[in-house]
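When you get a sec, could you build the whole thing from the sequences and use the hints?
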Amino acid sequence: MLDQETEILISQYADDADELTAEERLRVQSVVAADPEARRLLDEYQALTAALRRAAPRVPQLDWDRLREHISSATSDADDRNRMRIGPSPMTVPMRWALAASVLLCIGLALLATQPARFTTGGNSVAAGPARTSVDLPSVATSIDVSGPTIDPPEGAVRLDISIGQPAATPDSVAAIAQDVVWRPPQINIVAAETTGQPFPPRQ
Amino acid sequence: MARESAEVGRDSAPADATLVRRAAAGDRAAFDELIRRHQRRAVAVSYRLLGNVQDALDVTQDAFVKAYSGIGSLRNPEVFSGWLLRIVSNLSLNYRRGRKTRPTVPMDELLQSAESGAGAAASDAMSQSGDPVRTLEGRELGEKLTEALNQLPARQRQAILMFTIDRLPQKEIAEALNCSVEAVKWHVFQGRKKLREMLRRHMM
Chain U
1 MLDQETEILI SQYADDADEL TAEERLRVQS VVAADPEARR LLDEYQALTA
51 ALRRAAPRVP QLDWDRLREH ISSATSDADD RNRMRIGPSP MTVPMRWALA
101 ASVLLCIGLA LLATQPARFT TGGNSVAAGP ARTSVDLPSV ATSIDVSGPT
151 IDPPEGAVRL DISIGQPAAT PDSVAAIAQD VVWRPPQINI VAAETTGQPF
201 PPRQ
Chain S
205 MARESAEVGR DSAPADATLV RRAAAGDRAA FDELIRRHQR RAVAVSYRLL
255 GNVQDALDVT QDAFVKAYSG IGSLRNPEVF SGWLLRIVSN LSLNYRRGRK
305 TRPTVPMDEL LQSAESGAGA AASDAMSQSG DPVRTLEGRE LGEKLTEALN
355 QLPARQRQAI LMFTIDRLPQ KEIAEALNCS VEAVKWHVFQ GRKKLREMLR
405 RHMM
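Here the protein sequences line up with chains U and S, keeping their order.
Position 134, counted from 1, in the first sequence is what this note's numbering calls 134; the numbers after and before it change by one each time, with no gaps.
Position 69, counted from 1, in the second sequence is what this note's numbering calls 273; the numbers after and before it change by one each time, with no gaps.
Keep in mind the hints are simulated off the structure, nothing from the lab.
Keep in mind it's a predicted model, so treat the numbers as computed, not measured.
Some hints could be false.
What the hints assert, rightly or not - Here are the simulated SDA-like cross-link-like pairs (lysine to any residue), alpha carbons at most 25 Å apart as the crow flies:
no., chain 1, residue 1, chain 2, residue 2
1, S, 397, U, 53
2, S, 270, U, 63
3, S, 270, U, 8
4, S, 397, U, 66
5, S, 270, U, 34
6, S, 398, U, 17
7, S, 397, U, 30
8, S, 348, U, 16
9, S, 398, U, 74
10, S, 397, U, 34
11, S, 398, U, 20
12, S, 397, U, 26
13, S, 398, U, 97
14, S, 398, U, 96
15, S, 375, U, 58
16, S, 397, U, 27
17, S, 397, U, 4
18, S, 397, U, 25
19, S, 375, U, 50
20, S, 397, U, 95
21, S, 270, U, 78
22, S, 270, S, 281
23, S, 375, U, 22
24, S, 270, U, 18
25, S, 375, U, 17
26, S, 375, U, 25
27, S, 270, S, 218
28, S, 375, U, 28
29, S, 398, U, 113
30, S, 270, U, 95
31, S, 270, U, 96
32, S, 397, U, 98
33, S, 348, U, 50
34, S, 375, S, 258
35, S, 397, U, 36
36, S, 375, U, 8
37, S, 348, U, 95
38, S, 398, U, 18
39, S, 398, U, 79
40, S, 375, U, 4
Put into structure tokens, the structure is as follows:
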């Protein structure tokens, strides 16, 4: 029984002995001389090679000079079209990768900006929002005068009362995550908005 | 067709690599010379895969247009031949998905004689002996071979067509199939082994 390596060498030898090294050719010749099964295998592969070459459809005789002219002309046309193309040139592969990377980077930054930063304390992960503070937020509900936008009020000034935190915070709304760490959902409530009919009071 | 090297004309004519560099720099005459050197092989490979001369000519033209537009991206100019054959193979395999609407290469102008035209298929090549029995056997074997070849996986079929029939160097086939030389040897061996088993009754 021939091993696969020998069979591969015999197949190659039948196909084109020139692709084998001198050492490989000698090995095939000696195996074939000594082993009738190897001889039969070589005969079969040689018959297959000959049949394949005889049976292969022959490329018709063409006017190769004229074909070259046709191809050259087509190449020229394509080249000219590329040169005359109006507008930006098509993106190359690296440009496409760069664009894709930029889009991903923008998405990543946007996600990062909208998510609260995380830190760890005592083995627990805690979300720290921008309004995080150690004081009791509901107790410091305050009002903020909004000035600055260049909108002409109907008459007088617009006053917005804004409180930060939950107006009626319950123990359930405050989660004690770890000792000394309290998390409250950040919240801004517009308590009242009214047109006072009076000009803004001077800043104190 | 003997196995040729991409190093055409070491004495006086420039090597492929030199022509590739010149073509990449915009030298159209250099690319025309590359067309002249490689068009026969490109047509042959495409023809074996498609079985139709007109399609093979169209694919060859497309392949050279693609090669010209991408020649600047060819990192190793020494492998131009294998690189071109890879384009030809890929285009040939994709060709049947849809015929092009652009004008095709005028095959009638290119055919040198009707006798050596597209009808010179497998069985015709084998039926040139005067013996009617041999002619019949040859025709039958040609049909069986074509049938068996079509049953092989695409890689094995391509490898056998390029190596056994077109007698291209394994290194060039490896470049064309985008795999290693060892993989080419394996594809050829596996394909030939299957063919031998399928056709044993007809050949021996």
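Hint by hint, here is what the structure shows:
Restraint check for residue 397(S) and residue 53(U): satisfied, since their Cα atoms lie roughly 16 Å apart, inside the 25 Å limit. Distance hint between residue 270(S) and residue 63(U) is fulfilled; the C-alpha atoms sit about 22 Å from each other, no more than 25 Å. Between residue 270(S) and residue 8(U) the alpha-carbon distance is near 36 Å, which puts this suggested pair outside the 25 Å criterion. Proposed proximity of residue 397(S) and residue 66(U) is contradicted: the alpha carbons are some 41 Å apart, above 25 Å.
Our distance criterion of 25 Å between C-alpha atoms is broken by residue 270(S) and residue 34(U), whose separation comes to about 52 Å. Taking the CA atoms of residue 398(S) and residue 17(U), the gap is about 21 Å. The hint holds against a cut of 25 Å. Restraint check: the Cα-Cα separation between residue 397(S) and residue 30(U) comes to about 22 Å, which is no more than 25 Å; the hinted pair holds. Among the hinted pairs, residue 348(S) with residue 16(U) is consistent with the structure: their alpha-carbon atoms are about 23 Å apart, no more than 25 Å.
Of the pairs offered as hints, the one joining residue 398(S) and residue 74(U) is violated, with about 41 Å between alpha carbons and a cut-off of 25 Å exceeded. A hinted pair counts as satisfied when its Cα atoms are at most 25 Å apart, and residue 397(S) with residue 34(U) qualifies at roughly 22 Å. Under the criterion of a C-alpha separation no larger than 25 Å, the hint pairing residue 398(S) with residue 20(U) is consistent with the structure, at around 22 Å. As the CA atoms of residue 397(S) and residue 26(U) are separated by approximately 22 Å, the hinted pair is consistent with the 25 Å bound.
Proximity of residue 398(S) to residue 97(U) is assessed by CA-CA distance (about 43 Å); at most 25 Å being required, the pair is judged violated. In summary, the hint linking residue 398(S) to residue 96(U) is not supported, as the alpha carbons are separated by about 43 Å, beyond the 25 Å threshold. With a C-alpha separation of about 24 Å, the suggested pair residue 375(S) and residue 58(U) falls inside the 25 Å cut-off, and the hint holds. Of the supplied pair hints, the one linking residue 397(S) and residue 27(U) holds, its CA atoms being roughly 20 Å apart against a limit of 25 Å.
For the given pair, residue 397(S) sits about 11 Å from residue 4(U) by alpha-carbon distance, which is consistent with the 25 Å threshold. Only pairs whose Cα atoms come within 25 Å are accepted, and residue 397(S) paired with residue 25(U) is accepted, the gap being roughly 20 Å. Between the alpha carbons of residue 375(S) and residue 50(U) the distance comes to roughly 23 Å, so the proposed pair stays at or under 25 Å and holds. A C-alpha spacing of about 46 Å is found between residue 397(S) and residue 95(U), which places the hinted pair above 25 Å, so the restraint is violated.
Between the alpha carbons of residue 270(S) and residue 78(U) the distance comes to roughly 9 Å, so the proposed pair stays at or under 25 Å and holds. Proposed proximity of residue 270(S) and residue 281(S) is supported: the alpha carbons are some 15 Å apart, at most 25 Å. A hinted pair counts as satisfied when its Cα atoms are at most 25 Å apart, and residue 375(S) with residue 22(U) qualifies at roughly 18 Å. The straight-line distance between the Cα atoms of residue 270(S) and residue 18(U) is roughly 33 Å, outside the 25 Å bound, and the hint therefore fails.
Proposed proximity of residue 375(S) and residue 17(U) is supported: the alpha carbons are some 15 Å apart, at most 25 Å. For the suggested pair residue 375(S) and residue 25(U), the alpha carbons sit about 19 Å apart, so the restraint of at most 25 Å is met. For the hint pairing residue 270(S) with residue 218(S), the CA-to-CA distance comes to about 22 Å; that is within 25 Å, so the pair holds. For the suggested pair residue 375(S) and residue 28(U), the alpha carbons sit about 22 Å apart, so the restraint of at most 25 Å is met.
Between the alpha carbons of residue 398(S) and residue 113(U) the distance comes to roughly 61 Å, so the proposed pair goes past 25 Å and is violated. Annotation: proposed proximity of residue 270(S) to residue 95(U) holds, straight-line Cα distance about 20 Å (limit 25 Å). About 20 Å separates the Cα atoms of residue 270(S) and residue 96(U), which keeps this hinted pair within 25 Å; it holds. A hinted pair counts as satisfied when its Cα atoms are at most 25 Å apart, and residue 397(S) with residue 98(U) does not qualify at roughly 47 Å.
Simply put, residue 348(S) and residue 50(U) have alpha-carbon atoms about 14 Å apart, close enough for the 25 Å limit, and the pair holds. For a cut-off of 25 Å, the pair hint linking residue 375(S) to residue 258(S) is broken: about 29 Å separates their Cα positions. Taken as a hint, the residue 397(S) and residue 36(U) pair is honoured in the structure, with Cα atoms around 18 Å apart against an allowance of 25 Å. For the hint linking residue 375(S) to residue 8(U), the alpha-carbon distance of about 18 Å falls within 25 Å, and the restraint holds.
Proximity of residue 348(S) to residue 95(U) is assessed by CA-CA distance (about 50 Å); at most 25 Å being required, the pair is judged violated. A hinted pair counts as satisfied when its Cα atoms are at most 25 Å apart, and residue 398(S) with residue 18(U) qualifies at roughly 23 Å. A C-alpha spacing of about 45 Å is found between residue 398(S) and residue 79(U), which places the hinted pair above 25 Å, so the restraint is violated. For a cut-off of 25 Å, the pair hint linking residue 375(S) to residue 4(U) stands: about 22 Å separates their Cα positions.
Hints 3, 4, 5, 9, 13, 14, 20, 24, 29, 32, 34, 37 and 39, counting from the list given before, are not met by this structure.
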